[in-house]
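J.: Each chain sits in its own coordinate frame; assemble them with the hints.
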Amino acid sequence: MNDMTPTSAERAEKLEGMGCKRKRVEDIRFTQGKGNYVDDLKLPGMLHGDFNRSPHAHARIKKIDTTKAAAVPGVVAVITAETLKTVNLAWMPTLAGDTQMVLADGKVLFQNQEVAFVIATDRYIAADAADLVEVEYEPLPVNVDPLKAMAPNAPMIREDLKDKTDGAHGKRKHYNHIFSWQAGDKAAADAAFAKADVTIREMIVYPRVHPCPLETCQCVASFDKIKGELTLWGTFQAPHVIRTVGSLISKIPEHKIHVIAPDIGGGFGNKVGAYPGYICSIVASIVTGVPVKWVEDRIENLSTTAFARDFYMDVEIAATKDGKVTGLRCYTIADHGAFDACANATKWPAGLFSIISGSYDFPAAHCLVDGVYTNKAPGGVAYRCSFRVTEAAYAIERAMDIMAQKLGMDPAEFRVKNLIRREQFPYTSAFGWQYDSGDYQTAMTKAMEKVNYKKLRDEQKAKREAFKRGETRELMGIGVAFFTEIVGAGPSRACDILGIAMFDSAEIRIHPTGSGICRLGTKSQGQGHETTYAQIIATELGLPADSITVEEGNTDTAPYGLGTYGSRSTPVSGAATAMACRKIKAKAQMIAAYMLEVHDDDLEWDVDRFRVRGNPERFKTMTELAWAAYHEVPPGMEPGLEAINYYDPPNFTFPFGAYICVVDVDVDTGTTKVRRFYALDDCGTRINPMIIEGQIHGGLTEAFGIAMGQEIHYDDDGNVTTASFMDYFLPTAVETPHWETDWTTTPSPHHPIGAKGVGESPNVGGVPCFSNAINDAFGFLGSTHIQMPHDHWRTWMAAEKLGLHG
Amino acid sequence: MAKSQVVMKINGKTVEALVEPRTLLIHFLREELNITGPHIGCETSHCGACTVDLNGKSVKSCTMFAVQANGAEIRTIEGMANADGTLHALQEGFREMHGLQCGFCTPGMIVRAYRLLQENPNPTEEEIRHGISGNLCRCTGYQNIVKAIQFAAVKLAGVPFQEAAE
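Just so you know, the protein sequences line up as chains W and E, in that order.
At position 750 of the first sequence (counting the first as 1) the number is 750 in our numbering, and the numbers step up by one without a gap.
Whatever position you read off the second sequence (first residue = 1), add 1000 for our numbering.
Isolated chain E (complex conformation) (with noise of 0.2 Å):
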């Protein structure tokens, strides 16, 4: 199959490769590329394991071709870490918080609620929740990945984080 041009600038480096048209997203970053934070879970668009900020919006992608993306700027749990190479403040949430179990979803669900909280940087719990709902979780049941995302929130916003009472 004749194969496209691509270049595109994924975790702040300009990547230029040569992709069929009919390779999705997910598998050039993941097969060509070697960027495995992003997972496939579904390949139908539900799950969110593959959820990777594109252009500034959370993009699934298991159902968007490479090419698509041709030009994009995207960043993936590999790029999340803050520049001086400490962990991002949802990167360091999810732990504190106990927002993950096995992990699967985790890379998925940080790049989904960064971009949250870059357009809701104080939400709600409810909107918390309706924000990461194209994210599926089979292992925490959600409550402490609410927590972790305020716990994120309210870090990146300089104040200390308290847990809300039960």
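So that you can see chain W by itself, here it is in the shape it has in the complex (with noise of 0.2 Å):
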């Protein structure tokens, strides 16, 4: 070879694949104000739909009017529970198993409960006559709190359930209960806590949060009477979910339905879901023959589009009195509002909440969780976590420093001494789980180094005795989190949506020139998914990630999928990717043995090329292969380059990481500074670093949104008293903290490029650790657990209670 022939490593470079931090293709049109969202979209007649909604959180109603409504200039139809009633549609089932109003059938069961749907030519007409629609109410007793919910003489919510003992997930004991659900061994749990020489219990509360993604739920709804077909714009993280639901919902066949999800402005959760907004819509479309949006504004999206969270956890740990974890107790109230329309996996009503053993080897561990009904709005989705997932890490990780705050040990040493150790991996825990990899120590002692954490305790030992000395009104913090993620699911024996398993999907298609198409059964909301499926492409096929176009959303062209969310996109249609692609490159392979007159085994292959094996020299690039594949296939071969993949995972991945945070907190004013984070995050191989980094930062912040002010409160009338952007916390770039983000790679050993899913880490781990730094500035006064979120009013109230101002 002469000097100018570019090495192995320089062509690999020019590929831009894995481990390349390749700049983002999506941002060419994003940055030109060229994404095209779902209300970008104008059709020709199109009607705009509002909803006229509940007033009351518990009410019957008496009576609807619609006259008024009906009567403006611009109204085009009115739609009730009876008009869907006339096409079995005024309830709807939920992904939980559960069945939902459409529009309030009989009585409303939560604030900004769909009443009725009214559709005209703009949408400021809509709104103006949803306003106009007469609902006649008679009050009901209003409960919002689970732990009441299964009272004696609690207000039945779901009179509609009356008589059924029998829910989704078996026995009833209660008309507002839903689901009893255990896992875990809980004769082995009780007899470690009998046994054990320490034992600590705390009522962990994890508060409903709400995902809000900056754009809201919407949808365009154009049913052509005339083709009998129905095409749906959404913002669906799931959109053949959403057409498989819609099919059988609405009856039209399934291959007469087209979901096109086109650019998502976030989702993080809230986009999972079927809403009440979209039946309306379809049925508007199908009722008027014209096209219908609707749009939800953020009232709407944040008091009615599904919330997360809502979880009450009164967690035990057992321990020995020199800090060896023995055993797990958790026992949980969720609330589910009205009706339980989680997303999760089916069969799993509380999700993968048994991660709740976390990162530490306990040998014997038991949870069961109690699914209620309130009058709160529906739902229970995974907000930028996998399933019910950070709820568990949260209350391990409280509850671990708890422990360690009783054995007077120091919350990083003590987890440190309970690690799962790397020799143990792969690893079974207590709930059943098998933790794929993992190299914990290493992780736990680079943070420590990283932040110098003995000198931040020596640091917080001296401004401890400052301010009892009365020097200082400042409490400095330290937060440790370490948690292990499950996520990526999958594998079908364990999950499935109504019955469809968990698979995901890649078809790729190589041009003759050499450059490609890949379309997959997930949706991007912003993770960057048109720039890290075509690295994997590029790595595993020796082609430039630029000359590959990738496509998600639209059900008529994307293999079947069960969308993105819970981290898996990278877990299972990362794996389809990879998959297909090695079916193509064994295709490849021998075409070029054909071409190259050698046997299929006498080839090697090099970056972008199969070479002869001691004849480098003698090679067929893939970009020389695509074109052989269309015009020169060996005799008897199929023509053409194109591969398609379900992946259906053999185990779920379990990305963990080590987080660290400091903060100062003002006794006088409750004011938080977050000093310092550190967030160490591995999740397994690296696609594209710059996008984990993205991915990071970003769960980190909506981590710091709720571990320090995010609630969807409800007062004791049921009113929502957080539905706008007034009282909701988002943070800003203001209070933002500064973070710092690090890794190592431990890859997963099940999947084909060995990598895990990142998205949601930050989110799991961030929260805990936010939330042990407050609670480490107050520990060593006498408190034991201060409830989320930790804003300025609830901090200053903790040092109320505990008597520092004087």
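No lab work stands behind these hints, which were simulated from the structure alone.
Glycine is no exception: its CB is placed at the ideal position from the N, C-alpha and C atoms.
Treat each hint with caution, since some may be false.
Stated by the list, open to error - Quick list of the computed label-pair ranges, beta carbon to beta carbon: (1) W:V87 <-> E:E1127: 30 to 36 Å; (2) E:E1127 <-> W:L248: 39 to 45 Å; (3) E:E1127 <-> W:P44: 35 to 41 Å; (4) W:E551 <-> E:K1003: 39 to 45 Å.
Claimed, not checked - Calculated pairs, SDA-like style, for lysine to any residue (alpha carbon to alpha carbon, straight line, at most 20 Å): (5) W:K23 <-> E:R1075; (6) E:K1009 <-> E:F1065; (7) W:K34 <-> E:G1085.
Claimed, not checked - If you want a taste of the chain E side facing chain W, the calculated C-beta under 8 Å gives, among others: (8) Q1101; (9) I1110; (10) R1129; (11) H1130; (12) S1133; (13) Q1143.
T.: See below:
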């Protein structure tokens, strides 16, 4: 080879494959205002829908009068539950096996519930007329407290289920009870507690929060009466699921439904479910014969479409006096609001909550979750986490701190002592999960060294002394969290949605000139899929990432998949992409062998080409092979170069990380300054480090919002008091801390490229880290647990309770 | 409803139209003129997704009537590129520094950053953070948006950009 020939490394770099900080393809349109979001869509004759909503949290509907609304010039139709009954759509199934009112049928069960849908020629007229729908209510007693839901005299939320003793997940023990779900070994856990040296128990509440993407939920439904076909554009994280569910509900054959998710302005779990707005728009388009658009406003978004968490977790840990954990128990009440519309794999009513033993080697553990109905908005989605994983991580990470405090041990040292050891992987937890890979000690040690943990504790000690002497009014808190996630749902033996196995897919077609297109069953909402999937292909096939178009979101062209949530895109569709590439590569190898007149086995792969072993001058590049695939395939071989893979993962993946933060709390104002936040993530093989870092920044900022201020709050009458940006905390650039990111790499052994998924880790690990820091600040004064969110007022109240204000 | 005549200059082009007095500027831009770069995130002036540059000020177009913009000169993300068709330093900076993810806040954020740099061509990180605090982003955590704006500030000043050490 002469000096001008690029080396393998140089050729590999040009491909911009895995490991490259490739600039995002999506940004070219987004930075020029040329994204294509649902509300940008304008179709000829399109009408606009808007809801009349309930001002009451619980009330019987005596009468609905739509006369005045219908009389407004420009109003085309007004739909109520009575209208929907004529097409058998007044109720719809939820993903969790419950049924949900599309429009209020007989009574309303939560404030802002959808009562009537007004369709008009523009959105202003629709909004005006929605206000003119006259509804006569008879208020009923309200319950918004899940801990009171199963009291003998609690208001009955779901009269439709009055006589049903069985729910979708077994026996119901009260008329407001949805399900009981348990995991682990109760007898073994009880035995561990019976002989424990030390135990702790705490009611740890993860309040109701909302994912709150900047773009709300919206859709355009267009029914073509001539063809009998429905096209539905919408903000869908799972377009294929929407098509299948849409077909089952509407009875329109699935091949006559075209679901298209264009660019999506953030999802974070909010855009997984099916909402009344979608059903009403579809019905409205069928009724009117023209396209109908529905766009949620922010109040509607925060108060009706999806919420997350609302878990009341009674957590116990048992340990020996020298600090080895021996048992874990958790009893949880899960508030699902008026309908169980949580977006979990169907068989898992509490999601993957049994990851609650976290990163620690618990010999015995048991958890039990009871789901209940209240007069709150329906849902229970995963807000930037795999199903209920954030709740579990929060519970265990707070509880570990509480135990460390009781034992008089440093919380980091206590964790290190109990972390699952490297040689224990693959590790089977007390709940039966098989953790694929991990090197927890290395991660924890690196984190502690990077922040100089010992020095921080020394500084804290000095500051506490100064505080006691009255020299400062500031408390320093150090938060430590070590989390393990369970993502990438999922193995189809464990996970399905309404019976559809949770595999995912990739279809790759290489064109004659060596460029190509990849279509997938997932759907990006900002994660940068158009950029990263192409990088996997670049490395696998030796074609430049720039030559691969990535397309998602159109159910007519994309292979079937279950969508993007629960950090499943890389673990499942990323794997499918690699597997499809390998099919293509195998065919390309046969073509190369034919062209080079050698046996297949005499060829070896080198970055972007097959070359003859021992004779590297003789080779065929992938680009040459693509051309050949369309004009000189070996005799008997089918022409073309494409492949599809439906990937059913053998296991979940288990990303992990070590986070440490430092806060300074002013006890007189309750304000908290985040001095430092260090996040070490191990997501296995890293595809695009720039995008990974961006995901972590964003997830940490959401975690900061949740820990320090977010709550969807209801007053006793069921009024939602936090349904706008006036009162629901979203961090601005000013409050948001500076993030330090770091990593270790422990590939997943069962994933074709070793990747584990990363988008949700920072939310899962960040929330307990912040909360532990606040609790750590006050811990030496005798407090064991301060509930989130740690806003100024609540932090001031915590100081007040401890008598710090004199 | 009786309509009012408005005239404004948007992204260098004069636009004349009849609008209802209650029509919000954002709806006028998006629905009447198909200028869909500015987005609607809250309709209460909190999120800034609808930010446009109006007579030399950053304005949240979801809380201004179109008739109030009569006679105004407006620039949206669609008018940010340089006269020669190349991208503005901010557009380049947001891509270079990974200052966006879902892209929904980006048009408002860039238009806001444009005005910030007009007023303060060499802002500190703190000044940038305060300067964009009226624009919410749910994806990026702002750190890379700050870098993107620093990138643009440096580029506009004609010096090479050097990322600050962590």
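J.: Does the CB of E:R1129 sit less than 8 Å away from some CB of chain W?
T.: 4 Å, holds
J.: Can the hint on E:Q1101 be confirmed by a CB-to-CB distance to chain W that is less than 8 Å?
T.: 4 Å, holds
J.: Can the suggested window of 39 to 45 Å be confirmed for the beta-carbon pair W:E551 and E:K1003?
T.: 42 Å, holds
J.: Does the CB of E:H1130 sit less than 8 Å away from some CB of chain W?
T.: Hint on E:H1130: holds, closest Cβ of chain W at ~6 Å, below 8 Å.
J.: Are the Cα atoms of W:K34 and E:G1085 separated by 20 Å or less?
T.: Since the Cα atoms of W:K34 and E:G1085 sit roughly 15 Å apart, the hinted pair holds (cutoff 20 Å).
J.: Double-check E:I1110 for me: the hint is only fine if its C-beta lies closer than 8 Å to a C-beta in chain W.
T.: Constraint on E:I1110 satisfied, holds at 7 Å.
J.: Taking the Cβ atom of W:V87 and the Cβ atom of E:E1127, is their distance within the range 30 to 36 Å?
T.: At roughly 57 Å between Cβ atoms, E:E1127 and W:V87 fall outside 30 to 36 Å, so the hint is violated.
J.: Tell me if the straight-line CA distance from W:K23 to E:R1075 falls inside 20 Å.
T.: 27 Å, violated
J.: Could you see if the CB distance from E:E1127 to W:P44 stays within 35 to 41 Å?
T.: At roughly 47 Å between Cβ atoms, W:P44 and E:E1127 fall outside 35 to 41 Å, so the hint is violated.
J.: Assess, step by step, whether the Cα of E:K1009 is no farther than 20 Å from the Cα of E:F1065, and give holds or violated.
T.: Holds: E:K1009 and E:F1065 sit about 16 Å apart, inside 20 Å.
J.: Going by Cβ atoms only, is E:S1133 closer than 8 Å to chain W?
T.: 4 Å, holds
J.: So the hint says 39 to 45 Å: do the beta-carbon atoms of E:E1127 and W:L248 match that?
T.: 55 Å, violated
The structure does not agree with the numbered hints 1, 2, 3, 5 stated previously, though it agrees with the rest.
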